[in-house]
Amino acid sequence: MMSKQDLLSLMKARHSGRSYDTTRAISQEEMDILMEAVRLTPSCFGDEPWRYVICNKQNNQSAWEKLLNCLDESNQKWAKDAQVLIISLSAKNFRKRGKGENLWASHDTGAANYALMLQAASVNLMAHQMGGFDRDKIVERFNISDDFNVMSVIAVGYEEEGAEINSRSTNNLDWNYRQIDDQSSCDQVIIITMSNAADCFIHIYNADGSRAEMCGNAARCVGYLIMSEKGTEYITIELVNKRILECFKVGDKSIKVNMGKPLLKWHEIPLSTECDTLHLPIELEMLKDPVAVNIGNPHIVFFVDNISEIPLRNLGPKLENHVLFPQKINVSIAQVEKSGEIALRVWERGTGITASCGSAACAALVASTLRGYLTAQQTSVDLPGVDNTLHAIDAKTGKIEWEKELRAPVRGKAAVINNKLVVLTIDNYLYVFDIKDGSSVWAYQNGINEVRGLYSISPTTSNDKIIAPFSNGELIAFNEDGKKLWSQKLATNLLDTQLTDVTTTPRVLGDTLIATNNSYIYGIDVKSGNILWSKSLQVKSVSDIESYYSPLIPAEKQKEGGRIFIVTEDNKIIGLDIKNGETVWASDLIENTQLFAPIVHAHTLWVTSNKGSMLAFPGSESAGKVVKVPGLFFMIDYDLIVIGGGPGGYKCAIAAAKLGLKVACIDKNSIFGGTCLRVGCIPSKALLHSSYQYAHTKNDLSKLGIKIKDASFDLKEMLGYKDARVQELGKGIEYLFSLHKITKINGLGKITSFDQGNLEVSVEDKVLKTKNIVIATGSDVISLPGINIDEKSIISSTGALSLTEVPKKLVVIGAGAIGLEMSSVWRRLGSEVTVVEFFDRIAAAMDGELSKSLLSSLQKQGIKFLLSTKVEGIKQSSNSLSVKVCSVKDNQTNTIEADKVLVAAGRKPCTDGLGIDEKIEKDNRGFVQVNNRYETNVKGIFAIGDVIGGAMLAHKAEEEGVAVAEIIAGQSPHVDYEIIPSVIYTHPAVSSIGKAEEELKNAGYKYKVGKCQFAANGRAKITDDAEGFVKVLTCSRADTILGVHIIGAYADTLINEAAVAMAYGAAAEDIYRICHSHPDINEAFRDACIDAFFKK
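In UniProt numbering, the protein residues as written are 1 to 1096.
Mixed in with the good hints there might be a few duds.
Claimed, not checked - Simulated pairs of lysine-lysine, DSS-like, Cα-Cα distance not exceeding 27 Å:
{"id": "1", "residue 1": "741", "residue 2": "716"}
{"id": "2", "residue 1": "242", "residue 2": "265"}
{"id": "3", "residue 1": "261", "residue 2": "436"}
{"id": "4", "residue 1": "265", "residue 2": "808"}
{"id": "5", "residue 1": "884", "residue 2": "995"}
{"id": "6", "residue 1": "1095", "residue 2": "1021"}
{"id": "7", "residue 1": "1006", "residue 2": "1021"}
{"id": "8", "residue 1": "860", "residue 2": "1011"}
{"id": "9", "residue 1": "741", "residue 2": "808"}
{"id": "10", "residue 1": "884", "residue 2": "870"}
{"id": "11", "residue 1": "884", "residue 2": "908"}
{"id": "12", "residue 1": "908", "residue 2": "750"}
{"id": "13", "residue 1": "256", "residue 2": "399"}
{"id": "14", "residue 1": "230", "residue 2": "242"}
{"id": "15", "residue 1": "579", "residue 2": "540"}
{"id": "16", "residue 1": "668", "residue 2": "579"}
{"id": "17", "residue 1": "1001", "residue 2": "1096"}
{"id": "18", "residue 1": "579", "residue 2": "852"}
{"id": "19", "residue 1": "709", "residue 2": "808"}
{"id": "20", "residue 1": "852", "residue 2": "875"}
Simulated from the structure, these hints should not be mistaken for lab results.
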């Protein structure tokens, strides 16, 4: 077997140009890795068509020998025993290949693989890039136009049992796919190899390079190929999921495949979480409530009234990649008629919209049967494929009873009348078959040979009549024997004779038929074909006709005839009396809503909308008023409303939108981004950067040979720079919201309904309905007893970011991140800064050695510290403040004079005005209580970030926001709180992740310490930032990295390499074995890991 290292060398050779050879056989797993390597190689051919010269040894010995002579000597050795040789041609303007640029391939006797290109249901041989040939010989001997260059040659044959596959030089590997929609593209590549359990094993690769478990059409193609060569009428095929398919030959061209038993359990699909597979909780625009089934590969089937109205090209990718499907999903849109016929459109995972999909057809049959939609013993599934074959399939067993090949694909749905099946093809042929055996009864063509008109328009039946709509706007009625009874031309206006599309399938009730074209709706007498009435109307879609004899209609209102409901192009809904065309019903206009697919059921009109909601209009008495139906998920505005636009909130909103949810985000501030962007992380880092540049210019540049006299600063411009960055980043969030179609709402959000499935949020006098709510309202500054923050003399961090002049004396209460960063800013700009801290060290949450080192550094910069000291009060005079402090060790008191006092003693959760006090549980400090899914005690209401406690860090909130979005979308994410880095952006900066040394000591954990001083790092010395060190804590036995602590100019960025390492469970040796660039600051992390690894 080829080792993993062999494979890595093989794949590296593709990038480096080196050759690498192995004679070991390639296993199934290794073949997957190689195929992935092929898929990742950029194509050099672009989107131009390929041409092939294919020569079969048995059928054309002479040509085969000529072609073999075109190969060089080394390639002749492996190619001479092959069964097929292929020359790939491409236009001259493509990049030429030189000799010796070979692809891995088989070279022992019969040891190559078949490669098949599937386009719909046709079979072609696919060529891979090979070198070692003489272009001129091939052009000459096969009379190829000189407009084409010979690009590749490959030998193809069967892989025999026990044969070895050679990996040849791999410096030019290409896997070329063209646009999926292109007529000459391929859906899949199938590789046939030997199987111990069946006649052959097939590997199925999609157009995006991903692997598929099942493909009914692929199985038919392979079956046809192998049965034709073996002369048999039955073979078995093994799939990657260990299924064995049976293939049968029926006649000269038809192949039947037994697809096996469908799997219906949630973990068999598979789904990412347990769900009812008959009613999946998925809703996307007009699609909802699908059935999930596994027919060798996973499928979901949505049932709709009109498949042509579904924007499958837009919805397919979202559904394929839905979080509920860990292996992605094949998506089918099915339209089931009462007669049992099914029209189907398919989005295949890894491929896109496909013309034909056998497993999807089977999945649609299973889903329709499970839902009880199929009552007939036989049915047919109509796919927009290119083989134009009509199949009659037993609804219970899935057995094909009969099939007919038509001239063109079927338009719309089939109709049934007295055991006769009626279909209309897109080239205007009307066929009538006996539904029992498929024998032709009669056919009609109306003389319009062109393919035009809407694909979804179908024929209909009325008593003993068949009424077919043709592409020229003509309706023709026939009796069962094919006799033409009448015809009626639906012109754009009553005097027009131009070709005009019929735009909906005709509806019939009694003797009245309703039909539409581009501009009119008509009432037509079924017996004579005469137009009874016409009405100028731009029709989008129509309902079935509701009879006035409905048992749900009051007896006094029952009468002959009925009404039909129309959704117009301008999104109005009206009801017309079918006898005279008069408007008998009209709905309220629903603003900013696209309406589709009106359905009449139980004396109620149901209309779907682009908001994923269903509108209900019960009874004729409603006069078009929208009525809320009990138990109906009614007019939901959003899938998710996020209250709070800070880092956690806006990241949550964006993640949810990317996962297909309809999202709104509410914030009371005009600039979204929360405290972090407006008055926290971003403006503080702007001032830290500006003040450091000033101090560095003034004090440190001279040693670099840069002389600047009288360096000064302009505080107003410094603050302006800070504010400009805030505005720019705020606009960036607005852009992201616009890009992902997230509704941005300014105002104070308040939860007003806590009912599951019908949650409500009020904002600015509007009530918004939603399925889920995320509370991401963050935190606010907290003061100390007896101290009133007025943001003038006694300020919070918000005020400290906007001081218009530098205070002469500044007292900072609290030596956490905020206090230390603000102390650094104003000390650099000239303040005399004193920091008062209750604990006996600064940065108390960090590693003790880090805290001690940072204290020494900041003291050298002129910042004074009073540790183990508390503030007892502040007295304010006209010109200054007197801060009374007391030592917690000996109770000695002292007074400090100051111009400003910054209170940086912590933060509290912000929940005021949310309306949750009586409904949602909080702890004694006011933090919202959540479970391990971030859900509160009210189902559907979640909370993240500062409001739930824990480390009050923006990036922690972001992680929780993304996790909640994924949970709501059905995924199962996990936030690892052990590897969330924390940083203080002083200079030097300090950063920590994982366990501190004190924690390990107190827990009795055996650990090792690795260190690297930045004074030993070349890059740090060069940039004059050699202060500090990297400290790595590792497990003594397993060498796993347990914690990393850094102090130095680059600590804030370097910590993220440690985060990646710890996230993947890296050991110190792993980092030691990874080459780092030199000279670079990251070498310090590696050197600290090396130090830990070699310690005893």
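### Message
Tell me the numbers of any earlier hints that the structure contravenes, in ascending order.
### Response
1, 4, 5, 7, 9, 16, 18 and 20
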